Amino acid sequence: MKRALVVAALCVPAGLAAQAPPPVLDSAAIGDVRARALGPAVTSGRIAAIDGVADNPRVLYVGSAGGGVWKSSNGGATFTPIFDEYPMSIGAVTVDQNKPETVWVGTGEAWTRNSVSIGKGVYKSTDAGRNWTAMGLTDTEHIAAIAVRPRRSDTVYTCAVGHLWNSNDERGVFKTTDGGKTWKKVLFVNADTGCADIEIDPQEPDVMYAAMWQVRRLPYFFTSGGPGSGLYKSTDGGEHWKKMTTGLPDGDLGRIAIAIAPSRPGTLYALVESRDTRLYRSDDAGESWKPTGEGKAPLGIRVRPFYFANIVVDPTDHTRLYNPSLFLSLSTNGGRSFEAVSLGGGVHGDLHALWINPKDPYTLVLGTDGGVYVSRDRGTSWTHAATLPVAQLYHVAYDMQRPYRVYAGLQDNGSWSAPSRAIAGTSVRNGDWTNIGVGDGFNAFPDPRDPSIVYSEYQGAQVRRYHLQTGEIKDIRPRAGAGEPPLRFNWNAAFTPSALDPSALYLGGQYVFRSRDRGDSWQRLSPDLTTNDPEKQRQRESGGLTKDNSTAENHCTIVTIAPSPLDSQVIWAGTDDGNVQITRDGGKTWTNVVANVGGVPTHTWVSGIEPGRHQKGTAFVTFDGHRTGDMKTYLYATDDFGRTWRPLTGAGLEGYLHVVRQDLVSPSLLFAGSEGGLFVSLDAGAHWARLTGGLPAVPVYDMTIHPRDHDLILATHGRGVQIVDDLTPLRHMTAEMLAKNAAILPSRPAVQSIPATLQDFPGDAEFAGANPPEGAVITYYLKQRHLFGKLTLDVLDAGGKVVKSLPAGTRQGINRVYWNMRLDAPKSAAAPGLGARALVGPMVAEGRYTVRLTSDDDVVTGTVDLMADPLAPHPAADRQLRQTLVMQLYGMQNDLAYLGDATASLRDEANARGAALKDKAAQGDLRRALDTLAGDADKLNDSLVDRSGGLLEADPKLRERAIDLYGAVMSYGGRPTVSQQDFGAVLAGELKAARGRFAELSGPTLQRVNDLLTKAGETPIALPSAPARPGSDLRP
Amino acid sequence: MMGSDTAQEMTGPQADMAKSQADFDGDLVDYKTKGTTIDLIGQETIDGTKVYHLKVTRKNGTTRELFLDADTGIDVRTISTMEQNGQQATITSDLSNYQNVDGVMVPFSVKQSLNGTPIAQMTIDKVEFNVPIETSLFKLKQ
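Here the protein sequences line up with chains A and B, keeping their order. Just so you know, the numbering used here puts 375 at position 375 of the first sequence, and the rest follows in order with no gaps. Just so you know, the numbering used here puts 10071 at position 71 of the second sequence, and the rest follows in order with no gaps.
Simulated from the structure, these hints should not be mistaken for lab results. If you're wondering where the values come from, they're calculated on a predicted model, not measured in any experiment.
Among the chain A residues that face chain B by a calculated CB cut under 8 Å, a handful are: (1) D26; (2) G31; (3) S73; (4) R785; (5) H786; (6) L787; (7) F788; (8) G789; (9) K790; (10) L791; (11) P807; (12) T810; (13) R811; (14) Q812.
A few chain B residues that don't get close to chain A, going by computed Cβ distances all over 10 Å: (15) Y10052; (16) T10062; (17) N10130.
Below 27 Å or equal to it, Euclidean Cα-Cα: the simulated DSSO-like pairs (lysine-lysine) are: (18) B:K10111 <-> A:K790; (19) A:K616 <-> A:K588; (20) A:K740 <-> B:K10050; (21) A:K124 <-> A:K184; (22) A:K120 <-> B:K10050; (23) B:K10126 <-> A:K827; (24) B:K10050 <-> A:K790.
C-beta atoms are modelled at their ideal positions from N, C-alpha and C, and glycine is treated no differently.
Chain B with its partners taken away, still in its complex shape (with noise of 0.2 Å):
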């Protein structure tokens, strides 16, 4: 989990939003072999800036809010909710500072806000594609 070096078991909606997570490529590629249906909600605007409004809806039921600039089809805000403590929980992320890395464009700067209020700003120094990994850190220490 967060915060900690050694592997965690971990259930529930936060395994499931791992996994959703786990999926680089984001939830528009593919998506139809991916089980996935998207929804168009609406033209509208954030801050001023035109936008299209998507409902991602996944083969396991959870959903996603995709907020596309109008202009350039970039992710400018996604919002998921998830069930935190018996209550809705809506997690808001605002994408900026777009780069180039490897020809994909990956947000270097991500605002979140929980319920509205601001909870984290990430600021992203560098990104590394296809790193390798030692399968040994996901053991699960007896």
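Only chain A is shown next, with the shape it has when bound in the complex (with noise of 0.2 Å):
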């Protein structure tokens, strides 16, 4: 006994040894559950470069600030994305003009606004952006521009800004001779200092021009400009570069645009930043620099260069300038004087690229804050490119309606909202968009009593009550009473309503504010729950040489509120320097949690907070600290009401994150959002895997799980707003079912809804918003992709009789497969008229079904339910009757189609077999009864189908009636009408009839046919013989 149980220990570590490691969800795992995009492009997002290829103007070529690439191949009437898996912040997009197959991509933007996203580095395409190849740089973070030597396509420039927020040396001006494999930093200045433009001599390509910038931002501050900046010549092809200072300002200098012009290439602007920031130009490649104009310079060049210093000269005219900047501006003198180009048709501002077809310089491509537009007639009219849905979301919400509309609010384009699906066709279309707000968007929700109420904020807590039906808007921003200090509202200000009361609103400024009014008034909750740091409130100082105090560097402020959904008294606080703050009681006592934390550094900004959704002692927190130039990822979990913490940050999670979400029913469900793309964890965080179905690796700054409909709404920083529909077969995975070759996994029930009709015709150039696919969703899980033998997908109803038989996804993971719920279309008897009506099966019966999946060694059943759709107000009983109905109609169609054959075959084997009489007279009582066979078949037949000849022939029979009556009857889920039940019945009739003409026809009839032809020693004539489907006796 003790001998035996010795083995047995010894044996259980080898045996466990011997073990696979225990399965962990990975990317290919999560499979089919994949994210749609919803939009908006109605307004776009910011465009940061435009190329395109001057020999064929048609290609285009988009780089977005937080969206990726996006090609056109039709000047622009839609767009493709091409960069999906790289990163998808874009700084520089240029196109190789001696050979255009390929294409230069520079990742992480340059126009370095407080949200600005960051890159890996330098990629390249040699197949027009099929196929991409990372070409290193990898730590520039930002690539402001990359120049191709014209004629020799392997020597290129990459002007890289580097770091924003910390000090580096991996910038500055790079060159490679061998097309990317290797790069020689050929321009630096100092650790601090990139390159923020250049410019090669299209006709004397060793001499070139380059702009250094000497930058750097702070979570509070920034600075623009310094002693490394400067404007630099090369004439040895970049080896050797020499500053160039005469005629230019002394002292510092901030970020310089230089614009060589293309018809004259002596001449040369530059756009520069100082203490008086204006345009120079230079007649003598450079050398020397001459203010352009006079008198303080037009504000599209002095403001805020660090965001739009850009100027560009049209190809054949040296003197006619674009100054994309706030608005767009032209010279036509050389730059002594700027217009303001008419933005006809509402332009968005804030321009940042224009592209100038060269070989039609009427043709302009402008990329603003709000997407590209089209000129062709040189900026005098544009139209929008409406098939970008590259906006950059702070927020999301959603609300009870049934489909649940979302709400969320664009860097800078405002606020809008929009159904989750559309009822009519296939796709949440431009138009299905409104907007609900203004600015820079933030939080937008609905107010829970009121679905006409929307709250809304811009940037710094300008938070708005907007009333849906009249437009009215309210001003309900809290303001400091007398003798108080100011209030401090950060740029994305902490606005939520409250999970368990409907009447509660809060607002995060250095305090925790609550409304219970609707705004009308606030009530402070909280004492200061900042640092209150004075250094860190010199917003009014920030921006460098140009003065830039726009909100963005607001600090010491409260930018994440979350109330517990458990306990009303629970409220939590995180604030951008670095306190996460709990109250217990409802606000009268705070606490600062975060030195229980550690392993953060001090003052890193708290990004989210996640309330614990299943017990009220947990919460969720990340830390961003990106902004000190920290990139690393802070997720942590407290059960203790933040007496403890642990870090969640298990394998696979990237990215410094901005947001974590509990599931709503699996405590160990968690989706974390980081600025390179959406993670998911299911088990509480030990391991972690990205999403990647239709979601690329952009930033993820929100999210929130619908309650009803079990979906997971994200807010983008690049992609708008994404929706990951139904979590309920991600609640059912576990590391037991990962080790399974195969399994079903639940999913929400399947409404079974009418599908409405839209008849309109908007042409390919509006983004389609896809809706949720039609149908019941059937989801399994594969451990391996299936190559080898069957694998069949059925659905049986409750008798186990297969209603419908579906082609099986095989990918490795988790598949869906989409049933319309429907049977098979009815047969149809040939007849030249289609009978559209008649191309869809019925609806089944709702209730549930049985899935089963069969490979050749493998079953596996799950279950999957229909319901009827909650919009419709049918009573059972009227469902009933319209699916009694719809079955009648539909079998009768069935029966038709046989008679309409049999009628068809029995005339034309009667005819036939008459013609091939040889000897008339003797054959007289046979060739009689054939012919008169052959004629009563045709008789019936011609009244049961339409022998017209088909679109506008027509002359309906029985076929053509009942499928008309088929079609009306199944377009509605409730009550047939009257009409439509007393025509049934008359269809009834006379398919009755007809039925009882054929068996005469096919009785006797046929019968005396066939006794002569066996007295001639012929073969008698076969009935055709009828098809297994449910005719008209079938009831449902």
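Two independent chains are provided; combine them into the complex using the hints.
Here it is in structure tokens:
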């Protein structure tokens, strides 16, 4: 006995060691649990760079600030994303005009506003954007320009700003002579100065110019300009550089934009940020410079150079200059004066890119904070490219309508709302979006008690209450009282409703405010919860050479407020200067628990707090240190109100984090939004996998889970609203399940809605946000891709009968197969007319169905539930009446298909036999019998089927009238009209009569013919066999 | 052409495509004799499945990409590009449900997408080899 125990004890570790490690979730296993892009594209997002192909100007490449690279092959009518596997923030896009199939992308935008993202170096495609290769310079983070040497494709220059938030050495001008395999740093000033612009002389490509820019951002301050900045020239292909100073201002310079006049390369322009920012012109290839114009420079030249420094010279006229800036302005006299270009048609302000077709300078392509615009008349009128869903969202919310609506705040594009799915048509279109707020949009959400009221917010807590019916907007921002210190609000201030108290709104300044009267009055619910460090409150001095106080550097403020959904007394607040505060008594006392966290540098921005959804002592906190150059991933959880914390940064989680959410049903299912995409954990943060289906590695700033529909709704900062439909399968994924070869996973019940029709023809130049796929979702998991042998997916009714067989998905991980919940279309008698309404089968009855996945060596089963549309008001009895009539008409068509085809067959056979008779006189009786059979069959066939010839020659017969009624009854979910019911009876009577005639025809008449045929030694005419399809006797 | 039972003349890129599809053995069999070159692009994954990515360049210059399952060597995916209405069209075919027919592995399921949008799902019930076909089927009607 003892001995046996010892053996057993020894065996256990050996057995464990032999086992494979437990399977963990990876991106492939998440599989078809995909995000769908909802938009908006009616208002788009910031465009950082544009280039076109000179020899084929239909081809355009657009680099967006946060949504990747998009290509148009039709001059801007439609765009396709071509860079979705790579960093989404784009600084430069350059077509090699020597070989336009070669395209270079510099990642990491260089319009360095507070919310700018980062890149990972240079990428190159040699097949016009289909495949990409990383070409290094991965630590540059921000790339302003890439220039290809004319007529020598392998020589390329990268102009890298470098790190924005801290010092680094990989910045300046880099040169390659081997197509990007190796780079040499050819111009470097210091670890705080990078390159902001580069231009190569198109005629003498050894001559080139570079703008060096010293810039630094901090969480609470930024400085454009310093002794590192300057304008440089090289005359030996970038090997050596000299600083150009003649005629340029003394003292520190800031951001500089350079433009060579393509038609006269000795003439250059430079927009130079200094204490007196203005435009300079050189007519001696940069050797000396003169300011253009007198007095103060025009606003477009001097406003926000860090964000707008840009000059574009007309390709054919060296005196015609465009200045894309706050607005577009034009000089026709070499920069002496500028006038605003008429931006007809409502073009978005804040311009960052302008491409002029070199072969047709009347064609301009403009990149703005609101997307791309194309002008064909040199800027007098513009077309908005309404197909670019690159909006940069801060926050997203939902309501409880059916379908639910989403509410989102957009960087520089206000706040918008849209249905999560369109009722008519198959997509959420631009026209489905409603503007509900202005400015830079942040938090926007509906009043939980009144759907006509929406709250929105723009920069610095400009909170508004908007009445959807009247359009009236009330400014509900709290203001400091007499003798009180000024209120401080972040650029992106916390503003949220309560999960438990529908009357409560919370707003974060340096205090937590609460309103219980829709913002008409606010109570301070806390003392100053920040560090209130005066050093970090100098935003009025921020900007460097050009003061820039837009609230974007406001600091020592509350950026997240998280009221517990389980206890109204528990509220969490996080600040931009690193405090994690909690009250457990409704705001009477607050405790800063950040010191308990450990492992996070002090004063690190608290980007998100998620209150526990299952235990009130639980909370999850994300910290984001990127504004000090700390790109690490910080995620912690507590179960004891913040006394102790544990890190949840298990394997697989990457990037600095903005948000974390705990699932509403499964406590161990977590979602984290990082600068590089959406991550999922099934095991409470021990392992993470990026959700890659439909979603590039775009920044995820916010997310929320719809409590009724179980969707995960994402606010992406570059790809608008994204919805991951139905989290149910993820809630049931476990390590045990991942180890199985195959398993069916549950999905939410499928709604049997009747699709609405939509008659309009918008063309292609409009974005379509996908509706969730129609039908019931059958979800299953495959451990490996299925390659060999059968794999069938069947749906069975309660009686075990297969009602539908579907093509099975074969991918590794979760597969989703969509079943339209319909039987196969009815069979239809051959006729010239299509009978379009009969091309779909009837919807099956609501209820539970079994799903069965069968491979050569495995069978797994599960269920799928179908439910009536909760939006539709039809009582069960009415639905049943409809279903009965639909099924009768369905069966009727199957009967008619047989009758139609059988009568035609008998007629044709009788005619053929008749024509084959040799001795007519001798065969008189048979001949007559055959003629009678053919004639009767033809007459009956003519009464069943419209033989008149199709589309516009309709002469509806029984078949066509039955199809029409079938379609009419099926298109409405409730009680058929009296007329429809009566007509159904009429058709049933006619069918009965037709069956009677057919019985006569196929019985005695055919028998007489066959007797005579047999007598004559011929084979009898066979009656076509009846099909296996259900006929009109069928009852549901 | 597809959907028609009478012979019609096929020209241009469609004819080229049909000709290359007529190479029943596939691009890899006897590729040298056929004058085809094959480049290994690299080892990649398709939805988590390890594959070898090959680029096939035929004698006539047309190309095709093949993705072979790293464990078994069977075709998981093929990508062909063709000109359609002056635009590049990319057709991706995902192959599965292989069954052994007379010693040849045949995919009984083919899913096709055009420029990333699903266009066809083909499920094959039966495959027969070397079934005689009437030559008259290929005769053009005057």
